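For reference, the chains in residue letters:
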Amino acid sequence: MGDESVPYLLGEGTTKTYQIPISHLDYKFIEKCTDVKHLEKILRVLRSGEEGCYPELTLVCEKRIESLDPRSRALRKDKPAATAADFTAEEWEAINSELTSWLTEINEDDKKSQFLRTDTLNERQDNLPPVRCSSSCLPTNQNKRLQNKQRSKKNIPRDYSEWDKFDVEEECSKIDEDCEESNSKARFFSRPSLPIIEKKIDTTGMTKREKIFIATREKEKGNEAFATGDYVEAVTYYTRSISVMPTAAAYNNKAQAEIKLQDWDSALQDCEKVLDMEPGNIKALMRRATVHSHLQNYQTAIEDLNKVLSVEPENSKAKKSLLEIEKKLKGLKPVSEPQGKGKKILIQEIEDSGNGEGRGENTEEWERRGGHQGSAAAAAARAAGGEPAMGNAHRKAHGRGGGKAHDRDTHKQKDSAEGALKKGASEKKSEKQLSDHEGEVNGYLRSDEKSESAEAEISKSRGEGSQSAGGDSSTSLPPAAAKLKSQGNELFKSGQFGEAVLKYSEAIECVTGLGEQSPDDLSILYSNRAACYLKEGNCSDCIQDCNRALELQPYSLKPLLRRAMANESMERYRQAYIDYKTVLQIDSSIQAAKDSANRITRTLIDQDGPSWREKLPPIPVVPVAAQLHRWDEGSLTSENKPSSIDINREESQMNREEAIEKFKRLKNEGNDFVKAGEYEEAANKYSECMKLNTEECTVYTNRALCYLKLYKYEEAKQDCDHVLQIEDSNVKAFYRRALAYKGLQNYQASIDDFNKVLLIDPNVLEAQKELEEVTQLLHLDSGAGAGSQQAQGKKITIQEVSDEQEERQFAAEDAETAHVPEREKLRVWEPSNAYDFGQIVNAVNASGAGPS
Amino acid sequence: MSAAVGAERPQVVSHVQQALSYTVFDCRWVPRSARLLCLGSAARGTGIIQLYELHGARLELLREIEKPKPIKCGTFGATSLQQRFLATGDFDGNLNIWNLEAPELPVYSVKGHKEIINSIDGVGGLGIGEGAPEIVTGSRDGTVKVWDPRQKDTPVANMEPVQGESKRDCWTVAFGNAYNQEERVVCAGYDNGDIKLFDLKTMSLRWETNIKNGVCSVEFDRKDINMNKLVATSLEGKFHVFDMRTQHPTKGFASVSEKAQKSTIWQVRHLPQNRDVFMTSGGSGSLHLWKYEYPAQRSKKDSEGSEMGVAGSVSLLQNVTLSTQPISSLDWSPDKKGLCVCGAFDQTVRVLIVTKLNKI
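Chains A and B, in that order, give the protein sequences. According to our numbering, the stretch in the first sequence is residues 1 to 852, in order. According to our numbering, the stretch in the second sequence is residues 1 to 360, in order.
For reference, chain A alone in the conformation it holds in the complex (with noise of 0.2 Å):
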């Protein structure tokens, strides 16, 4: 309490009220006071005038309280209505100028309209709702227990004891199953009773005074639902506003309501009707660059801010927002510089991933992707150059979950591509320069992404693929359509789908044309021709075939997968839907059909509304001996492998691409036993991979670390060796051998290899801090003997250190990826809709399922 602090003076009492002392009332006491409820009731007796008026005083203490506590309730006095002497002199004139003319132009107004009443009046009547409870029924058709009750007892009054039996837990559960009828999509609205409020108003027979009366209303009622940050419910005022009578005003608002939004394109469009309206509009050009700045379209967006400011130059929101965007541009500049360049390389890679060639890459592709998901991707699959640009678009697209990409991919899908490539380039380079696995989205080249994955996933789950195998039917095969069959697949792989068609017809003529029962061989011409004309986008040639091939032999994946995949291309949604839904009854491990059965749940659901899947036609159950078990992977062992080559070279391929499969899958799992620490096991593993691929260096020098931290330096170097033979400018392998050497208490070999190391890229800063450490202890080796035992202790943090520290630099691209997945895991947000979820629970499968 401020009063404590002040000494009480001899002989003053306490006021009356409130035993406030005396000395209280005092200008200096007030001053320092900051106590408010203190303040108030001195105020009170100071008002009251019990001890004495003071007016000077009282003032004095208004004030004080209102510095401390502008909303204080004592500072409400009774006052009278301002009069003309509480304004200047202009103001009171403005005040009246302005009921004025408001009362002439109302007046006015008033007179008008009555002339044209009357004869509209009847009009408005017919387009009034019924009458509540008339026995022609409120059009309320969602509440049918509304009606049934009005029929049984129409126009009865109610009373209390009704509105009491209002059973909260029924009501509930009748709302509960009107969402379940109305399906998923309100259960996952974070508003499940998102209000339905008409777009349109009613405007017959009003005059034009009504209908601007009526405009600004709507666009109050939409400033206010802005001001609380009801976005949705702003627009949607703002519409109706401009239903009635468009105004620059309120589409103004409205864009600036969709910027909230996000949505930029109607908020473009909108600014651009406000400019056609009020060209020069100021804010119309200020949000239309904000638009366009977030639309990357830097060059437009200054151009509408250089308007801005050369109307007004002093506009400081114009000033910050171009040096904003400057920035930006500024700093996409190194990126765009080359965009052409990478955006002709891009194309080309497409084309190379487009035309099949090796499956086996597809697949590494797809594993990539895999990798983010669920488990360190492997370096091999790096073997293209273009390839992580790929994959990452790939990456990209998903782990984001879909939402504005995919739609705007699905209603831009044309006009975007060439963005997209673009997109991607600068996504690639970036990726190139940083490593970094978490720039920007905006990549997504869905429609290849989409294919190359889906192949890649069917060639993955072959194993057991009754038909696409082919290893053994093809046997079956007349030699004359098995060749042409074969030449079909060079030529598909190598691109010219075209010809693989002609030589895919003459297989299934010569085998039609033998009239052999061969269903399987002639399910897999048609399946492969499918292919074709998909990848040459002659989408219901590839459907015919699908179809065909699914009549010869139903439940297939490829025909399916790829039916579903032309019926997407084509718009036809739902039997795209239903096919990959089959296609997941038969193989629910097909990642691609999942992600691609949730994209199209999306796009239904915008499409159709809350009640799409009413409009599905039935989904055909496939039977338990079509459904595919996920393989048994320990069935398959290394040895095996090689047995069959070469007799067709699908075969070839798939146990290539099996080989792969294991190689990967190996490797993740000795990346995650390092991670662990078990080194012994994770060298065992790098082992196995070695068995099934000689080539591959990461594995040797992955090895190479585990034998180092198990101190086999002897090992670990020749495994270094094993590398640089291949490679022979390898860091990782040079650095690993240099710390081989130096557990080996080689030294002057070690320095010689930091060196190396250093050459090649003199920033690795563990590298320099390893050589000086070794370089010391050659000098100390030579020096001394007996703090050798020292050194040796030392020697090993130190190693832990450097190893923890290299292994973060080196493993990069493996452990990062491997991290990925934990990263998308915390980012898993609420889901809003079924779409949503769908993508949360593939994205929970997924990594589940990577590192097993």
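These are calculated hints, taken from the structure and not from any lab test. Being a predicted model, the structure only gives us computed values, none of them experimental. For glycine and all other residues, C-beta sits at the position ideal for the given N, C-alpha and C. Hints may contain errors.
[As the list claims (entries may be wrong)] Derived list of chain A stretches under chain B, where covered just means 3 residues or more per stretch with a C-beta under 8 Å from a C-beta of chain B:
id, region
1, 97 to 108
2, 214 to 223
[What the hints assert, rightly or not] With a Cα cut of at most 20 Å, we get these calculated EDC-like pairs of lysine to aspartate or glutamate:
id, chain 1, residue 1, chain 2, residue 2
3, B, 259, B, 191
4, A, 199, A, 608
5, B, 259, A, 721
6, A, 77, B, 236
7, A, 675, A, 695
8, B, 212, B, 258
9, A, 200, B, 182
10, B, 337, A, 109
11, B, 337, A, 108
12, A, 211, A, 110
13, A, 79, A, 66
14, B, 336, A, 98
15, A, 199, B, 130
16, A, 77, B, 191
17, A, 662, A, 672
18, B, 337, A, 672
19, B, 259, A, 66
20, B, 238, A, 78
21, A, 37, A, 69
22, A, 77, B, 182
23, B, 359, A, 91
24, B, 336, A, 108
25, B, 238, B, 191
26, A, 208, A, 110
[To be verified] Pairwise CB distance ranges, derived in the manner of DEER restraints:
id, chain 1, residue 1, chain 2, residue 2, range
27, B, 8, A, 17, 32 to 38 Å
28, B, 293, A, 37, 33 to 39 Å
29, A, 306, B, 250, 56 to 62 Å
With chain A fixed as given, assemble chain B onto it according to the hints.
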């Protein structure tokens, strides 16, 4: 109070004062015009409707209509912008709709209640509120009835206490939530402090609460939006603002209360052009202009995960004292922002101008 602060705030200017020869219970602006209506009770026990037009700084009496029963309340809420028929409730429980051009006979008339109609509200007209035009009346007989002017004699909905339950005097009614053709709620306030919210779509009692003192006036901030806020004023000088967006299964709606003055708050009226500004009129002849400020987050999850609302705060923008007698009625002009009329028991009707409402 320093001049600087005063200049920023809205000021309430008493533009016109018009002395009346009768007790005014309600006053209303005629939509789309500069005319206003005063409804009341003449000394000899008859009802009076006076139509005034604002001419500069004076009110010109255009028409005076006398009816047999004193008129307690009136509304234009359920009429079209073209027709502008006035619906009134009188001391005898009659609901009448008048064509002011031809007021001799009512366009619609029903003996709706056994006792005085204390309060009336309309929706679906004037372009405010989607759906059918409807009128709700609240009476001393304890019932709240909803009427459709197209249906004679019987209400379309009736909310009354069960037999045996003591009747409460319904002092105030208001429509809300009429943002589409199906949704609509009626809120009623009673002399014992009960507030009941009836959902006309589901025909159920959606929510009820008690604010301890008699509820003099309730109003939604807007009738034609997904219900947002409700203000309820009380006999003892307090008013409550409920955030109507989030209803908690057990706790209902979040609210903030504020004590405006020591005497009864007779009326609350939201500014038609800005739903977050409202004026209360008090028993001591004072007017308070308030602004509601939303919290950063309007809803939060409770421990069980149910959504519950978070109330904001109310700040006083301005207060004036116009009379020593209660100001019983208050109405903002729907057409001119800041123009306002109020009727007091000192038999005076005042036209007020509230300035600087744009700057809030």
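*Hint consistency between residue 211 of chain A and residue 110 of chain A [alpha-carbon to alpha-carbon, up to 20 Å]*: holds, 14 Å
*Straight-line Cα separation of residue 359 of chain B and residue 91 of chain A no greater than 20 Å?*
holds, 15 Å
*Given the hinted pair residue 79 of chain A and residue 66 of chain A, is their alpha-carbon gap at most 20 Å?*
holds, 17 Å
*Restraint status (C-alpha distance of residue 37 of chain A to residue 69 of chain A at most 20 Å)*: holds, 10 Å
_For residue 259 of chain B and residue 66 of chain A, compute the direct alpha-carbon distance and say whether it is at most 20 Å._
Distance of about 19 Å is within 20 Å: holds.
_residue 306 of chain A versus residue 250 of chain B beta-carbon gap, inside 56 to 62 Å or not_ = holds, 58 Å
*Taken at face value, is the distance from the CA of residue 109 of chain A to the CA of residue 337 of chain B at most 20 Å?*
holds, 17 Å
_Given hint residue 672 of chain A paired with residue 662 of chain A - CA-CA distance at most 20 Å_ = holds, 15 Å
*asked:* Hinted pair, alpha-carbon criterion (20 Å max): residue 212 of chain B, residue 258 of chain B. Please report holds or violated.
replied: holds, 14 Å
*Can the restraint linking residue 199 of chain A and residue 130 of chain B be considered satisfied, given a maximum Cα separation of 20 Å?*
At roughly 12 Å apart (the allowed maximum being 20 Å), residue 130 of chain B and residue 199 of chain A satisfy the hint.
_Holds or violated: residue 199 of chain A and residue 608 of chain A, Cα atoms, limit 20 Å._
holds, 18 Å
*How about the region 214 to 223 of chain A: do at least three of its residues have a C-beta closer than 8 Å to a C-beta of chain B?*
With 4 residues close enough to chain B, the hint holds.
Hints 5, 7, 16, 18, 22, 28 from the list above are not met by this structure, while the remaining hints are.
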